[in-house]
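Fit chain B to the given chain A structure using the hints.
So the protein sequences, as listed, match chains A and B.
The numbering of the first sequence is this note's numbering, which starts it at 81 and goes up by one.
The numbering of the second sequence is this note's numbering, which starts it at 81 and goes up by one.
Check before you lean on any hint, since a few could be wrong.
[Claimed, not checked] Below, a list of computed lysine-lysine pairs in the DSSO-like style, where the Cα atoms sit at most 30 Å apart: (1) 206/B x 226/A; (2) 178/A x 226/A; (3) 105/B x 226/B; (4) 308/B x 226/A; (5) 364/B x 226/A; (6) 206/B x 206/A; (7) 376/A x 203/A; (8) 291/B x 376/B; (9) 226/A x 369/A; (10) 203/A x 139/A; (11) 203/A x 206/B; (12) 291/A x 349/A; (13) 308/B x 206/B; (14) 376/B x 121/B; (15) 364/B x 349/B; (16) 203/B x 226/A; (17) 364/A x 203/A; (18) 349/B x 206/B; (19) 369/B x 226/A; (20) 285/A x 139/A; (21) 226/B x 376/B; (22) 206/A x 226/A; (23) 286/B x 369/A; (24) 178/A x 206/A; (25) 203/A x 226/B; (26) 226/B x 139/B; (27) 206/A x 349/A; (28) 286/A x 349/A; (29) 206/A x 203/B; (30) 226/B x 206/A; (31) 139/A x 226/A; (32) 308/B x 291/B; (33) 376/A x 139/A; (34) 285/A x 203/A; (35) 121/B x 178/B; (36) 364/B x 364/A.
The set of hints was computed from the structure by calculation and includes no laboratory data.
2 protein chains.
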Amino acid sequence: MVGIDVGGTTVKGVLVDADGNIYAKNETDSCRSGGCDLTDKIVGLIELLLSSTTDSRGKISGVGIGCPGIIDGRGGMVVFAGNLNLRNYPLADAVRGKTGVPVRLTNDANAAAFGEKIFGVGKNYKDVVMITLGTGVGSGIVIDGKLYEGSRTSGAELGHMTIVEDGRRCSCGRRGCFETYASATALMSDVRSAMFANRNSLLWKKVDPEKVDCRVVFDLAEADNTAKNVVDDYIRHVACGITNIANIFRPEAVIIGGGISGQGDRLVKPLQNYLDCNILGGNKYAPVKILAATLKNGAGALGAAALFL
Amino acid sequence: MVGIDVGGTTVKGVLVDADGNIYAKNETDSCRSGGCDLTDKIVGLIELLLSSTTDSRGKISGVGIGCPGIIDGRGGMVVFAGNLNLRNYPLADAVRGKTGVPVRLTNDANAAAFGEKIFGVGKNYKDVVMITLGTGVGSGIVIDGKLYEGSRTSGAELGHMTIVEDGRRCSCGRRGCFETYASATALMSDVRSAMFANRNSLLWKKVDPEKVDCRVVFDLAEADNTAKNVVDDYIRHVACGITNIANIFRPEAVIIGGGISGQGDRLVKPLQNYLDCNILGGNKYAPVKILAATLKNGAGALGAAALFL
Chain A
81 MVGIDVGGTT VKGVLVDADG NIYAKNETDS CRSGGCDLTD KIVGLIELLL
131 SSTTDSRGKI SGVGIGCPGI IDGRGGMVVF AGNLNLRNYP LADAVRGKTG
181 VPVRLTNDAN AAAFGEKIFG VGKNYKDVVM ITLGTGVGSG IVIDGKLYEG
231 SRTSGAELGH MTIVEDGRRC SCGRRGCFET YASATALMSD VRSAMFANRN
281 SLLWKKVDPE KVDCRVVFDL AEADNTAKNV VDDYIRHVAC GITNIANIFR
331 PEAVIIGGGI SGQGDRLVKP LQNYLDCNIL GGNKYAPVKI LAATLKNGAG
381 ALGAAALFL
Chain B
81 MVGIDVGGTT VKGVLVDADG NIYAKNETDS CRSGGCDLTD KIVGLIELLL
131 SSTTDSRGKI SGVGIGCPGI IDGRGGMVVF AGNLNLRNYP LADAVRGKTG
181 VPVRLTNDAN AAAFGEKIFG VGKNYKDVVM ITLGTGVGSG IVIDGKLYEG
231 SRTSGAELGH MTIVEDGRRC SCGRRGCFET YASATALMSD VRSAMFANRN
281 SLLWKKVDPE KVDCRVVFDL AEADNTAKNV VDDYIRHVAC GITNIANIFR
331 PEAVIIGGGI SGQGDRLVKP LQNYLDCNIL GGNKYAPVKI LAATLKNGAG
381 ALGAAALFL
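Extracted from the complex, chain A is given alone in its bound form (with noise of 0.2 Å):
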């Protein structure tokens, strides 16, 4: 199967078995100009990833699509994507009438949970979410193996979930969004606050304001208590939306993607520990892990491509 993740910068491709051994793998620029210009640019990468293989296109089940915005996956449709200047556009057919091949279309965090549940570190459980804290905080949710996408496949946006009611204003209109405190943006608002608020600590004297990235605040926890303090609220509030998502599905894991998951250990481990604790019943019972994503980038092609199987 071929997968192709459209982000805001480029549009990534893989060519796959159903083992999810890869045969090739490239990449282009994303456009801004219009559904007509995604699709020639899908196509040559399928294109380019068919040609650099002795796989011949009859082999090819099918193309799967992660766009992010919102997507009617049923319709093939892109209702809404504001990065990439679409609005009811209908991708899947468009990409579909050009290849000859068939075509289908889910959201981009959902393909991104599909492609850790069926190649990465969910591969050995049947309900998984997985949660991506990146610009916002992305989700997907994989029930009995499958995506579970809400009506007109517009759910699973487990960003948009309030922790603190009144609290942060969120993009969505809503306040005390999930988000709002757990994306790396929420993150590096948190260092600079910190930074201008101790300007006796090492997080000051070391980082510069302009550059502050999420792994360095990480770096100085051990040694600064600035940025320990701010390592561990954000810890705790991403730890109070993923045991509202424990309670909620109890899945079998939460998988965590996005760069703060690079952190490993310094993450997971106080993450499941308050899990252990807050947990409904306790966690022995039916046990919820929580594990860091391994397919990276990866996970969203991956993921587009394991719709075919």
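This is chain B only, laid out in the frame that chain A set:
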């Protein structure tokens, strides 16, 4: 099929066909003296239901049981039900052993949700979530027409989703759980606090603080500011949780059960209005409807019976 709804004080039973036509209905008191007695009560109730019609036992496809507590549906076990004094009791096997009829077991809140989905207000929808606003907040999730129960049937605990980090203490050990704001218990406690704090209010003048119920505060809300504030605050909390549920599942309908749902439009209209204004991306593309339950106390037994559809 026969459906049994085990409660803290009564065990209800119905004999129904696949269309929800009720052929017999009865109930008995619960017992707290352990599994064998409960089994005998249930078996007695089944006999009573069967003897009251011309249907023979041979025609019964199965007995579904909804039971409070931690339930292992697949194993047919009541893992823990404090009110019933049960721990690791194989209720399904015990009832099957004495009746010779297949038995299925689920949590009582799941059974109620399934009842409303199959025979009640949710019957025209595929994906519905039900919350029951009672002593706590019970909940059940129906995805693609099937109950979603989570790993070892321990999920669907929407009442234990934190909506106010560091908020009210919950019996589960966390703070700010949905049920600490949205249960009938919470509303009654809020009414009492408001009464004592506002001794010029109609609420204080007309209501005995020892006999507060949820209806009276809705009744007085039109004429009394104190009552109105309590109702408005309560609705805002319930709406916050429902909006979370809508963003997470994007179901076609959220069904509200429990005594408070008898308030009908006085409850449902402002909730729907809040949801329409706050759901991610607006409530037009993939609309979520809020509905008051219609089967009332009968939902649990009907839903338990429906486990055999």
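Point to revise | Hints not upheld, ascending by number | key: Per hint list: 4, 13, 20, 23, 24, 34, 36 violated.
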